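> Sequence:
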Amino acid sequence: AGVAIAESNGDGVVGVAHGCAFMPVRFPLSADDDLLSEIFKTAAKNADVISCSWGPVPAYAELPTLFKNTLTRLTKSGGRRGKGVVICFAAGNYNAPINDPLNPNGHDWFDYSSNNIRRTQGRILNGNATHPGVIAVAASTSLNRHAAYSNWGDEISVCAPSNNFHPLNPQQFVEGRGIWTTDNESFGGGFTENSRYTGNFGGTSSATPLVAGVAALVLSVNPDLTAAEVKEILQE
14 AGVAIAESNG
24 DGVVGVAHGC
34 AFMPVRFPLS
44 ADDDLLSEIF
54 KTAAKNADVI
64 SCSWGPVPAY
74 AELPTLFKNT
84 LTRLTKSGGR
94 RGKGVVICFA
104 AGNYNAPIND
114 PLNPNGHDWF
124 DYSSNNIRRT
134 QGRILNGNAT
144 HPGVIAVAAS
154 TSLNRHAAYS
164 NWGDEISVCA
174 PSNNFHPLNP
184 QQFVEGRGIW
194 TTDNESFGGG
204 FTENSRYTGN
214 FGGTSSATPL
224 VAGVAALVLS
234 VNPDLTAAEV
244 KEILQE
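Here my numbering is used: the first residue of the sequence shown is 14, the next is one more, and so on.
Quick caveat, the hints were computed from the structure, so don't treat them as lab data. Take these hints with a grain of salt, some might be off.
To be verified - What follows is a set of in silico ranges between Cβ atoms, one per label pair, in the way DEER data are often shown: (1) Gly32 x Lys54: 19 to 29 Å; (2) Pro77 x Asn129: 21 to 31 Å; (3) Lys89 x Asn213: 37 to 47 Å; (4) Leu79 x Arg190: 36 to 46 Å; (5) Glu75 x Val234: 28 to 38 Å.
As the list claims (entries may be wrong) - Here are the simulated lysine-lysine pairs, DSSO-like style, with alpha carbons at most 27 Å apart: (6) Lys89 x Lys54; (7) Lys89 x Lys58; (8) Lys81 x Lys58.
Keep in mind that this is a model prediction, so the values were computed, not measured. A virtual CB, placed ideally from N, CA and C, is assigned to each residue, including glycine.
Can you make the complete structure from the sequences, with help from the hints?
Written out as structure tokens, the structure reads:
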């Protein structure tokens, strides 16, 4: 939220689209097809841009038909303007392809829930990021290079600046600065101890709200644009 819309008020950090409004949506990642579709349809009634910093690990994760059709409809004709909602999805942080029908050699990735390296054998598909209507966001670094962890593939729409870290060894240093944004230290564990702000944020979870903020600025200049036109402008 800080990356996308932190206010320009002389305190802390400034977001990309610091004059835009924010509607937070909380839901369980175990949400089924019906619930996800209802959440997106409800959010789209009031939002011009939806930012999604979540997605599957490297696995075959095709979208269920109902949710896939919901994304198609919303990006084409949804939203309060009826011109489509700009939906941004993070590509993921496993240095993995978002679409590999063969994956002949398997793919190693770090499982943060177990602190172990795991291997995916067989097809890899990130159904969220490969949906043709969304903006799939990968991460670049402060050195203007591909972030070592960032997922990749032909379906990626844009890269946006973020931090850098090793995809298989969290303790190994790789070059690149972190992103300054708001922190949640006052409410629990954060990125920078005893601070409401941090310079240590990153991942495609940071690159994605940055792109969402830029999309909001584009629509602020020209609210007559369709979601597809916004995507094309960002890509060009």
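> Find the hints from earlier in the document that the structure breaks and name them by number, from lowest to highest.
Those not satisfied: there are none.
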